[in-house]
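**Q** Sequence:
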Amino acid sequence: MRDFSPLSQWIKGQSKLPLFSTIEKIEPLFEYGSFLSLDKHYYLHEIDKATAQSLSISWTNTEIYISKARKVLNTDLITVLDDSKTAALKSELGEPPSHCYPIYIVSVGEGELERVVYIGKTSSKKNRFSGGHKVAIKLHNPEYEGLVKNIYFCCVVFLTPNKDYLPLEWIQPKEKALDLLDSVESHLIYSFLPELNVQKKNKNYSKYDMNFHIQNFSNHSNFLDGTFV
1 MRDFSPLSQW IKGQSKLPLF STIEKIEPLF EYGSFLSLDK HYYLHEIDKA
51 TAQSLSISWT NTEIYISKAR KVLNTDLITV LDDSKTAALK SELGEPPSHC
101 YPIYIVSVGE GELERVVYIG KTSSKKNRFS GGHKVAIKLH NPEYEGLVKN
151 IYFCCVVFLT PNKDYLPLEW IQPKEKALDL LDSVESHLIY SFLPELNVQK
201 KNKNYSKYDM NFHIQNFSNH SNFLDGTFV
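One point on numbering: in my numbering, the residue at position 28 of the sequence shown is 28, and numbering is uninterrupted.
I should point out that these hints are in silico values taken from the structure, not numbers from a laboratory.
Remember, it's a predicted structure, so these values are computed and weren't measured experimentally.
Positions of the beta carbon are idealized from the N, C-alpha and C atoms, including for glycine.
Take these hints with a grain of salt, some might be off.
As the list claims (entries may be wrong) - What follows is a list of derived Cβ distance ranges for each label pair:
| no. | residue 1 | residue 2 | range |
| --- | --- | --- | --- |
| 1 | P142 | G33 | 39 to 45 Å |
| 2 | T51 | E195 | 24 to 30 Å |
| 3 | F228 | E195 | 19 to 25 Å |
| 4 | G226 | A52 | 41 to 47 Å |
| 5 | K138 | F35 | 27 to 33 Å |
| 6 | E143 | S91 | 52 to 58 Å |
| 7 | N74 | Y205 | 41 to 47 Å |
| 8 | H45 | S91 | 40 to 46 Å |
| 9 | T227 | K68 | 35 to 41 Å |
| 10 | I57 | E145 | 35 to 41 Å |
| 11 | E27 | Y205 | 18 to 24 Å |
| 12 | P142 | L73 | 57 to 63 Å |
| 13 | G111 | E143 | 15 to 21 Å |
| 14 | E145 | I64 | 45 to 51 Å |
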């Protein structure tokens, strides 16, 4: 599956982007709910094929792209692009940076028997997914023998008070985006209580009262698709 950019629909002129000058002021409204999409699937033995993920790097790349777009367009006021402005941006800046997949879910089994066994953050500059090596070792336990072992990489999107999509990469400042990511992980771990997670299971450590509509776009299975947590 090709990486998706949270700016791609805007670049195509098919959606609005919040005013550049107000992006830093936008807050997610958790009462409207949020979205967790399972976009990419790998079998455990294929994990070396996965691209390294970092919310910090993705956030910075998005910030740089938007900053340069301001200069190319010479305005903060354009929220919808016409063909000429799209062409100008693509010519000057190329394609926008892709989504980061800052959450990963490890599961075992297939079909109705597939279950979550670990949830973690991929946001690491050095590792493909934080804690993944330890999980892989634990999955060699005889109790998991013969079970299909899956890893889903997920992106996180919130809603604004105007019910516009607000990708995690647009949250300002970066420290808040990283803090929100930690709360997302905490909420999911407490909701699913995965057997291989050790921390964050005795209470919900999320700093925010959030809930998620989970969607599965991985083209591998419908695991967790339509689940609300």
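**Q** Which numbered hints turn out to be false for this structure?
**A** 4
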